Amino acid sequence: GEDVEQSLFLSVREGDSSVINCTYTDSSSTYLYWYKQEPGAGLQLLTYIFSNMDMKQDQRLTVLLNKKDKHLSLRIADTQTGDSAIYFCAESKDDYKLSFGAGTTVTVRA
Amino acid sequence: DAEITQSPRHKITETGRQVTLACHQTWNHNNMFWYRQDLGHGLRLIHYSYGVQDTNKGEVSDGYSVSRSNTEDLPLTLESAASSQTSVYFCASSGTSGSNEQFFGPGTRLTVL
Numbered sequence: 001g002e003d004v005e006q007s008l009f010l011s012v013r014e015g016d017s018s019v020i021n022c023t024y025t026d027s028s029s030t031y032l033y034w035y036k037q038e039p040g041a042g043l044q045l046l047t048y049i050f051s052n053m054d055m056k057q058d059q060r061l062t063v064l065l066n067k068k069d070k071h072l073s074l075r076i077a078d079t080q081t082g083d084s085a086i087y088f089c090a091e092s093k094d095d096y097k098l099s100f101g102a103g104t105t106v107t108v109r110a
Numbered sequence: 111d112a113e114i115t116q117s118p119r120h121k122i123t124e125t126g127r128q129v130t131l132a133c134h135q136t137w138n139h140n141n142m143f144w145y146r147q148d149l150g151h152g153l154r155l156i157h158y159s160y161g162v163q164d165t166n167k168g169e170v171s172d173g174y175s176v177s178r179s180n181t182e183d184l185p186l187t188l189e190s191a192a193s194s195q196t197s198v199y200f201c202a203s204s205g206t207s208g209s210n211e212q213f214f215g216p217g218t219r220l221t222v223l
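As you go down the protein sequences, you meet chains A and B in turn.
74 is the number that this note's numbering gives to position 74 of the first sequence; each next residue is one higher, with no gaps.
192 is the number that this note's numbering gives to position 82 of the second sequence; each next residue is one higher, with no gaps.
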């Protein structure tokens with residue numbers, strides 16, 4: 001099976017909070033990441049969290065890490081139409097490689 | 111500003127032809143990676159390099175090759191293009207310190223007819 005799993009689709013109303021979930025398998029991962037991909041573009045790093053942290057907040061973004069359950073989530077507060085994109089969860093390996101989930105397509109409806 | 115570029119952005123080719131996709135980064139990063147993106151699969155690693163003259167196979171390397179003759183470039187070659195290689199290809203690079211963040215190029219959409 002996949003190393004990193006995430007649900008494929010999320011629909012959210014403008015102004016609500018979005019929560020994207022991810023599970024990973026490698027307990028030795030040093031960093032976990034959230035990337036955003038807009039249509040026709042490459043991936044941009046949104047945020048990352050070091051494995052010894054439980055939470056990281058950056059403006060509208062909150063990352064929660066449950067290392068025991070190998071569960072990572074990304075919360076986007078006050079979701080806007082510009083947040084419509086594909087969001088990828090990724091885990092790092094010691095050899096600089098990243099393992100990506102299949103991506104969650106977030107659609108923001110008015 | 112440092113950046114990572116890919117060319118061409120779009121390419122249509124025929125089955126059996128050799129195709130080379132270019133990747134160039136000005137971050138002076140040692141690590142470079144090639145991925146393909148397909149619906150339902152996310153990003154899958156094709157080849158990667160940790161420095162000049164170093165290349166390694168990823169999880170979907172069959173039918174692809176790379177070479178690293180300098181720090182800035184990692185071209186990806188499809189020796190004999192197949193329809194199964196129709197995909198969007200992304201190049202990425204990363205340094206050797208800090209968060210291991212990878213910086214991505216804009217992608218190349220390849221269609222093999």
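These aren't lab readings, by the way, just hints derived from the structure by calculation.
Note that this is a predicted model, so its numbers are computed, not measured.
Hints may contain errors.
As the list claims (entries may be wrong) - Far from chain B by the CB rule (all over 12 Å, computed), these chain A residues:
(1) 4
(2) 8
(3) 15
(4) 27
(5) 37
(6) 40
(7) 44
(8) 68
(9) 81
(10) 86
(11) 90
(12) 93
(13) 94
(14) 97
(15) 109
(16) 110
Said to hold, decoys possible - Mimicking DMTMM-like on lysine to aspartate or glutamate, the simulated pairs with C-alpha atoms at most 20 Å apart in a straight line are:
(17) A/93 x B/169
(18) A/97 x B/124
(19) A/97 x B/189
(20) A/70 x A/3
(21) A/97 x B/172
(22) A/67 x A/83
(23) A/36 x A/69
(24) B/167 x B/148
(25) A/36 x B/148
(26) A/93 x B/164
(27) A/93 x B/211
(28) A/36 x A/83
(29) B/167 x A/94
(30) A/36 x B/172
(31) A/70 x A/14
(32) A/70 x B/172
(33) A/97 x B/183
(34) A/56 x B/164
(35) A/56 x A/38
(36) A/36 x A/58
(37) A/36 x B/211
(38) B/167 x A/16
(39) A/97 x B/111
(40) B/167 x A/69
All C-beta atoms in this analysis are idealised placements derived from N, C-alpha and C, irrespective of residue type, glycine included.
Structure-based check of each hint:
1. Its closest Cβ contact with chain B, about 8 Å, brings residue 4 of chain A to no more than 12 Å, contrary to its assignment away from the interface.
2. With a cut of 12 Å on Cβ distances, residue 8 of chain A falls inside the contact zone with chain B, its closest approach being about 8 Å.
3. The beta carbon of residue 15 of chain A sits about 29 Å from the closest Cβ of chain B, which is more than 12 Å, so the claim that it is off the interface holds.
4. With a cut of 12 Å on Cβ distances, residue 27 of chain A stays outside the contact zone with chain B, its closest approach being about 17 Å.
5. Not every CB of chain B is more than 12 Å from the CB of residue 37 of chain A (nearest about 9 Å), against its label as outside the interface.
6. Once the 12 Å rule is applied to beta carbons, residue 40 of chain A is inconsistent with being away from chain B; the minimum gap is 8 Å.
7. The claim that residue 44 of chain A lies off the interface is violated: its Cβ sits roughly 7 Å from the closest Cβ of chain B, which falls inside the 12 Å cut-off.
8. For residue 68 of chain A, the condition that its CB be more than 12 Å from all CB atoms of chain B holds, with the nearest at approximately 22 Å.
9. Here residue 81 of chain A stays apart from chain B, with its beta-carbon at least about 22 Å from theirs, past the 12 Å limit.
10. For residue 86 of chain A, the requirement that its beta carbon stay farther than 12 Å from each beta carbon of chain B is not met, with the minimum near 9 Å.
11. With 12 Å as the threshold on Cβ separation, the claim that residue 90 of chain A sits away from chain B is violated: the shortest Cβ distance comes to roughly 8 Å.
12. A beta-carbon of chain B comes within 12 Å of the beta-carbon of residue 93 of chain A; the shortest separation is about 9 Å.
13. Distance check on residue 94 of chain A: its Cβ comes as close as 9 Å (rounded) to a Cβ of chain B, failing to clear the 12 Å threshold; non-interface status is violated.
14. With a cut of 12 Å on Cβ distances, residue 97 of chain A falls inside the contact zone with chain B, its closest approach being about 7 Å.
15. At roughly 22 Å, the least C-beta separation between residue 109 of chain A and chain B is larger than 12 Å, which holds for a residue marked as non-interface.
16. Its beta-carbon lying about 26 Å from the closest one in chain B, residue 110 of chain A satisfies the requirement of being farther than 12 Å from that chain.
17. Among the hinted pairs, residue 93 of chain A with residue 169 of chain B is consistent with the structure: their alpha-carbon atoms are about 14 Å apart, no more than 20 Å.
18. In summary, the hint linking residue 97 of chain A to residue 124 of chain B is not supported, as the alpha carbons are separated by about 32 Å, beyond the 20 Å threshold.
19. For the hint linking residue 97 of chain A to residue 189 of chain B, the alpha-carbon distance of about 25 Å lies beyond 20 Å, and the restraint is violated.
20. A threshold of 20 Å between alpha carbons decides the hint, and for residue 70 of chain A with residue 3 of chain A the separation of about 11 Å falls inside it, so the pair holds.
21. In summary, the hint linking residue 97 of chain A to residue 172 of chain B is supported, as the alpha carbons are separated by about 19 Å, within the 20 Å threshold.
22. Taken as a hint, the residue 67 of chain A and residue 83 of chain A pair is broken in the structure, with Cα atoms around 27 Å apart against an allowance of 20 Å.
23. With a C-alpha separation of about 24 Å, the suggested pairing of residue 36 of chain A with residue 69 of chain A is violated against the 20 Å cut-off.
24. Our distance criterion of 20 Å between C-alpha atoms is met by residue 167 of chain B and residue 148 of chain B, whose separation comes to about 19 Å.
25. In summary, the hint linking residue 36 of chain A to residue 148 of chain B is supported, as the alpha carbons are separated by about 16 Å, within the 20 Å threshold.
26. For the proposed pair residue 93 of chain A and residue 164 of chain B, the alpha carbon gap of about 18 Å is at most 20 Å, so the pair holds.
27. Note on residue 93 of chain A and residue 211 of chain B: the hinted pairing holds, with a Cα-Cα distance of about 11 Å set against a maximum of 20 Å.
28. Of the pairs offered as hints, the one joining residue 36 of chain A and residue 83 of chain A holds, with about 9 Å between alpha carbons and a cut-off of 20 Å not exceeded.
29. Taken as a hint, the residue 167 of chain B and residue 94 of chain A pair is honoured in the structure, with Cα atoms around 17 Å apart against an allowance of 20 Å.
30. For a cut-off of 20 Å, the pair hint linking residue 36 of chain A to residue 172 of chain B is broken: about 28 Å separates their Cα positions.
31. Restraint check for residue 70 of chain A and residue 14 of chain A: the C-alpha separation of about 29 Å exceeds 20 Å, so the hint is violated.
32. The suggested pairing of residue 70 of chain A with residue 172 of chain B is violated, with an alpha-carbon distance near 31 Å, which exceeds 20 Å.
33. Between the alpha carbons of residue 97 of chain A and residue 183 of chain B the distance comes to roughly 18 Å, so the proposed pair stays at or under 20 Å and holds.
34. As the CA atoms of residue 56 of chain A and residue 164 of chain B are separated by approximately 36 Å, the hinted pair breaks the 20 Å bound.
35. A threshold of 20 Å between alpha carbons decides the hint, and for residue 56 of chain A with residue 38 of chain A the separation of about 23 Å lies outside it, so the pair is violated.
36. For the proposed pair residue 36 of chain A and residue 58 of chain A, the alpha carbon gap of about 15 Å is at most 20 Å, so the pair holds.
37. Restraint check for residue 36 of chain A and residue 211 of chain B: the C-alpha separation of about 13 Å stays at or below 20 Å, so the hint holds.
38. Note on residue 167 of chain B and residue 16 of chain A: the hinted pairing is violated, with a Cα-Cα distance of about 43 Å set against a maximum of 20 Å.
39. Among the hinted pairs, residue 97 of chain A with residue 111 of chain B is inconsistent with the structure: their alpha-carbon atoms are about 25 Å apart, more than 20 Å.
40. Between the alpha carbons of residue 167 of chain B and residue 69 of chain A the distance comes to roughly 31 Å, so the proposed pair goes past 20 Å and is violated.
Comparing the model with each earlier hint shows violations of hints 1, 2, 5, 6, 7, 10, 11, 12, 13, 14, 18, 19, 22, 23, 30, 31, 32, 34, 35, 38, 39 and 40; every other hint is respected.
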